[in-house]
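Number of protein chains: 2
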Amino acid sequence: MYDGVIQDLIDELGQLPGVGPKSAQRIAFHLLAADPEDVKRLSVVLADLKEKVKICTLCGNVAETEMCRICADPRRDITLICVVEEPKDVQAVERTREFRGRYHVLGGAINPIAGIGPDNLRIKELLQRLADGVVQEVILATDPNLEGEATATYLMRMLSPMGLHVSKLASGLPVGGDLEYADEITLGRAFEGRRTLTS
Amino acid sequence: MYDGVIQDLIDELGQLPGVGPKSAQRIAFHLLAADPEDVKRLSVVLADLKEKVKICTLCGNVAETEMCRICADPRRDITLICVVEEPKDVQAVERTREFRGRYHVLGGAINPIAGIGPDNLRIKELLQRLADGVVQEVILATDPNLEGEATATYLMRMLSPMGLHVSKLASGLPVGGDLEYADEITLGRAFEGRRTLTS
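For the record, the sequence lines run as chains Z and V.
All residue numbers in the first sequence are consecutive under the working numbering, ending with 199.
All residue numbers in the second sequence are consecutive under the working numbering, ending with 1199.
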């Protein structure tokens, strides 16, 4: 146990995800030895975080203004929506440079064990966005796990009577992976979704 | 790339030791979803860090006052000094509950590649502490690596004319370790430092 502030800092850092007591101590002593300006900047950013970061009123992504950068971009295709669980998933899709539409961030996935039902997600907001008939296609890009699949199935049922084109990201072998090490479910999905190469 | 503050926070967190871009993003979103009080507390502790944490004028350990808790403790044996590299080494020795003397924190080890020579360490302060003849024994507890060994050898030479009892921590097999997996230098040291069991 250290004295006062340094121990407080170690305790606070130890609460962060993926930071154990050893890392917390290492980071604390790093900060103690670091340039005071660097430490101050981190402190200020943390103080600003809750005030400055907003949620985009349209898509639910993180934003600094009423509307996020993507929703505010006039070059985006407004007839296309990609539904994801979290803001970090938006970044993941953006990195592919494959998608030119807008997003809808649900804020999680259906998870009865954690007490998260459809009402806890931004599904009502999605249906409102689809009401005016501008959007033609919805791509479901929830995580390929139990909760994500359940959410996609739920959304599919909600959206099917609306006459939209609804699709889901392909499951299959990851690029650069090894067939031998693929789990049986992934390999099964890869078979199921196989693409015809000859006409 | 995210907008504004959230990206600033990810960038700042990514500078910390052992925190990569993925962890930085995870921590940033954890903080965004966390209780505002928790985030504020971390921000305040960081702001206080440089102001409140002092260096003990006697031993060089981290302290909240002029003198650290250990140096200020009258139950400590003032004839005994354990020399360590960093404040975290003080904590490591304290955890053993084997040592009842005081410490001297050098603030690093001799490392010519990083440009750290004896003058950059608190060696002058150590010699000043030893000048009045109260201290009888000095235990060198620098790290068992190249820089630590070099520092211990340097200190040994400086202290040997002073008529003190100078010792160094034992090198050997770590308790709970496996002889088979010990590196040859450690095993060599264990042979060199073997203890006679029969009289």
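Honestly, the hints are just simulated from the structure, not real lab data.
Just so you know, these numbers come straight off a predicted model, no measurement behind them.
Note that the Cβ used here is the ideal one computed from N, Cα and C, for glycine as well.
Warning: the hint list may mix true and false statements.
Output of the computed footprint for chain V on chain Z, the stretches with three or more beta carbons under 8 Å from beta carbons of chain V [said to hold, decoys possible]:
#1 14–21
#2 46–52
#3 179–187
Inset, instruction - List, from low to high, the hint numbers that the structure doesn't satisfy. - result: 3
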